[in-house]
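Position chain B relative to chain A; hints supplied.
Chain by chain, the residues:
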Amino acid sequence: MSRPLWKESAAAISARVRAGEITAVEAMDAGWDGPASLWEHDVHAVVHTDREARHAAAEAAPARGLLAGVPVLVKDNLCTVDYPTTCCSRILAGYHAPYDATVVRRLREAGAVIVGKGNMDEFAMGSSTEFSCYGPTRNPWDLSRVPGGSSGGPAAAVAYGLVPVALGSDTGGSVRQPAAFCGVYGLKPTYGRLSRYGLVAFGSSLDQVGIFARHAGDVATTFAALAGWDEYDATSRPAPAPDVSNWDAGVTGLRFGWPANLWANGVDGAIVDALERSANALERAGGTRVPMEFLPGEYAVAAYYLVATAEASSNLARFDGVRYGLRSSDATDVRSLYVRSRSEGFGPEVRRRILLGTYALSSGYYDAYYLQAQRARTRIRREYARAFESCDFLLLPAAPTLPFRVGEKVDDPLAMYLSDVFTIGANLAGTPGLSVPVGVTPEGLPTAVQLLGPQDGEGALLRAARAIEVNGDVARLPREHEVEASWPGKR
Amino acid sequence: MAWEAVIGLECHIQLRTRTKMFCECEVVFGDEANSHVCPTCLGLPGALPRLNAGAIRMALRLGLALGCDIRHESQFARKNYFYPDMPKNYQITQYDRPLFEHGTLPVVVEGEAREFALTRIHCEEDAGKSFHPERTGDRSRSRVEFNRAGTPLLELVTEPVLRSPADCAAFLVTLRRLVRALGISDADMEKGQLRCDANVSLRPEGASLLGVKTELKNLNSIKGVERGVAAEIERQRRALDSGERIVQATLLYDADHDKLAIMRTKEQAHDYRYFPDPDLPLLVVSEAELEQARASLPELPWRRVQRFVAQYGLPPYDAAVLGDSRELADYYEECAAGLDPKFVANWLMTEALRAVNERAWDVARWTAQVPAARMADFLGRVARKELPGPLAKQFIGWLADEAGGVDELLARHGVSVKGTAEDLRPIVKAVLDENPGPVAQYLAGKTVTMGFLVGQVMKKSGGQAVPTLAQQLLIEEMAARS
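Listed in order, the protein sequences are those of chains A and B.
Each step along the first sequence adds one to the number in our numbering, with nothing skipped, and position 321 is 321.
Each step along the second sequence adds one to the number in our numbering, with nothing skipped, and position 250 is 250.
Looking at chain A on its own, in the form it has when it is part of the complex (with noise of 0.2 Å):
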């Protein structure tokens, strides 16, 4: 006997069920009613779901497609016809979507079960999932320790077991940031290949569908079965999306940057450590080190938070309570409709951000802030056009940091913003990046490293991290609440 269900991969799980030695409400059944449903209560990576549709929707799935019987949890900004979409905000209480994101609709044509909605920062808004009108999700390596975020709950469902694979979103590295603190792959593909369609937006010029997993095979698959031109994405990638079946092809022949400048202040000891190792692996496997110096922009993160944040004061102007949403009780006339039940519906992340975004643009500052960032964007996608003139991807940091604590930076907006300072890059160029977990630290909490690569670069990323996996002597340790044994036995 392999694995316990709960713990099988989607490859392993959709293999079962195309062949029909088990079914998708088992599969699923496996993580709700299995050891990882107790995690859920302390953790609350979920929060829309319903043992009635998830039955009804893995009845429903065929058992057929890359991800046959695959439950799939998919963060709360991706529209779902049969649970709300909120982005965990009270402005959207209630909301129910008419329409499946592309994304969504992908999965269940590749038989997978969307089982529910994954907990985030409002709006996708935050590194901590601490913002989120539901209230935090945890972090299951150590609960009082924050996920990441802002995919912090499809992130921590992946890393206890609930499911095999779950959709975040990447405005800034929402998907690798907590990918790196729940120790799962997180991969934020190149901008344009997964469809925007559905996905509420935050920062449209920044957003993409990110894909979490536990393992590198996985992620390629997923990968497989969402990549694609989209009629209804107008920024969609019309050109094939880039073979990735070869993810466990090797490394052989391939160069990564290695550019150690960016790491020689501020990051944390266990993540250099990380990085050490993943290279020791990529080297062993066949792959070459290009140490360089790189300096993504010295103005990245200024220039993230001055274009994310304006796109953002736009985006998130129809959320005014005359359509949908929340509609303050207190209105009595038009304008006082908007302010009360806007200031009532968004969280003070969210406003902080619109009011940042709304100054950005405003007439006389736009020529100061809005296109002075998107010249330093500019820039900053030559910069990492030009590191990939010699190597075919980077290794660095996926954060600078380890798990932080809960409450630690939710009162410093400033810290918050600085933990995306290895990710914003990608979204800035609109390039592939991917988290890939390297093991623990003596203390239990996960540490991670980061491959960004080149546009369509998805193919060599996977097979680098599949390297690390196979060949690293830190692939992913077993978990303490792996042990089958120590759980309860099925409820």
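You may find that some hints are simply not true.
Stated by the list, open to error - Chain A is faced by these chain B residues, among others (derived, beta-carbon under 8 Å):
{"no.": "1", "residue": "Pro45"}
{"no.": "2", "residue": "Leu48"}
{"no.": "3", "residue": "Leu51"}
{"no.": "4", "residue": "Ala53"}
{"no.": "5", "residue": "Arg78"}
{"no.": "6", "residue": "Pro281"}
{"no.": "7", "residue": "Phe452"}
To be verified - On the chain A side, residues computed to face chain B include the following (Cβ under 10 Å):
{"no.": "8", "residue": "Ser37"}
{"no.": "9", "residue": "Leu38"}
{"no.": "10", "residue": "Tyr99"}
{"no.": "11", "residue": "Tyr232"}
{"no.": "12", "residue": "Asp233"}
{"no.": "13", "residue": "Leu295"}
{"no.": "14", "residue": "Asn315"}
{"no.": "15", "residue": "Arg318"}
{"no.": "16", "residue": "Gln372"}
Hints were generated in silico from the structure; no laboratory data involved.
What you are looking at is a predicted structure, and each value in this text was computed from that prediction instead of being measured.
Cβ coordinates follow ideal geometry from the N, Cα and C atoms, glycine included.
The following block gives chain B in isolation, referenced to the frame of chain A:
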């Protein structure tokens, strides 16, 4: 002091595409409220715009017709402001990189040919509609309706080159004619398919600097534009003459009472926070698309009018009337083929258009009822004098109201045209027999008597004789008798 008015127009032209600008909802008017909506045009969370290529093809026709500079990579921008019938609380429009710039519209104003310079033309989406308590009857709430939301519009902005209300009216009439000829808009101002705001300022005659302007909105007809602009010029003139200063403001024109009311002043002006829409890539226009649009251009209305004058020798006024719409111009040319073009122009302009007006029809109804072939057959017989004039005029009504060819109609109404010598000769003989006096006078050289004799033949034939033939027979018969 003598003042000169300086006017610039901002026109919105609703394109007659089948679907909306950024989604696949049909553009339909008058259907049940909110029955042509989708996640995109309702601004639902997560929905994205996708460009209607057909709207751009239509836009290209206008840009080419007006000789605009065409931007090969133009950009959509968001214009941010809150309004309940604006689903996303921003409008997708174009800002600093519009599709078209410059270009001119040739206009004839009171007989004088002018060219009005344009600033720009850009593409954008329309908003929905609000129904406020005065219309809903419910004092506590307004209603919003989104069937119109996302309808494709072109916004055309002129340079401040118009000088009078007459300029404005002629400009709009010409623009309307053009977009109809191009087949890109029905441009009915009453239905909001063509909308116009006017920027008006005054300056001392001969000055080159511009005065403080006001913007007039709610001009719902060409007459309304003319009268609203006239009222505003008058208001500014009186203010300036009495030493007041003009305050930059947006005014609403109330056509029913011919009154202007201030909607907002400059201090209350919005900051629209324009920025490029990140949901839409640059709008790229290729040479091939331009070529295709160029090939699809019909003969432009003003060129056609010029050709009517040159080719058919029509007076400019007649050419302008017949060239007013593509429909009428096409119809005219079909009817005129093989006939005297001036003769056909006269008949269409007097008899046919009168019949259209009497019935409160439009030209389309007429051309459907009296296709060009039917009309040409009729006009040919009139031209060959096979139908007498008075009968022909009556005949127009039969053509309009009944089916059937010329012969069929004659038979139905029991009319036999005394069109041949055999038909008429007995009547002519009888008239000569009955009027020896006048015959003698004619033969004695008093030729005006011929009119009387012809009249008698007409009378005896019940109006069915062709007068020229009657005269010819009278002369022949008298010569035979003398």
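Hint-by-hint comparison with the structure:
{"no.": "1", "hint": "Pro45", "in the structure": "holds, 4 Å"}
{"no.": "2", "hint": "Leu48", "in the structure": "holds, 5 Å"}
{"no.": "3", "hint": "Leu51", "in the structure": "holds, 7 Å"}
{"no.": "4", "hint": "Ala53", "in the structure": "violated, 11 Å"}
{"no.": "5", "hint": "Arg78", "in the structure": "holds, 5 Å"}
{"no.": "6", "hint": "Pro281", "in the structure": "holds, 6 Å"}
{"no.": "7", "hint": "Phe452", "in the structure": "violated, 82 Å"}
{"no.": "8", "hint": "Ser37", "in the structure": "violated, 29 Å"}
{"no.": "9", "hint": "Leu38", "in the structure": "violated, 33 Å"}
{"no.": "10", "hint": "Tyr99", "in the structure": "holds, 6 Å"}
{"no.": "11", "hint": "Tyr232", "in the structure": "holds, 6 Å"}
{"no.": "12", "hint": "Asp233", "in the structure": "holds, 5 Å"}
{"no.": "13", "hint": "Leu295", "in the structure": "violated, 26 Å"}
{"no.": "14", "hint": "Asn315", "in the structure": "holds, 8 Å"}
{"no.": "15", "hint": "Arg318", "in the structure": "holds, 5 Å"}
{"no.": "16", "hint": "Gln372", "in the structure": "violated, 13 Å"}
Consistency note: the structure conflicts with the earlier hints numbered 4, 7, 8, 9, 13, 16.
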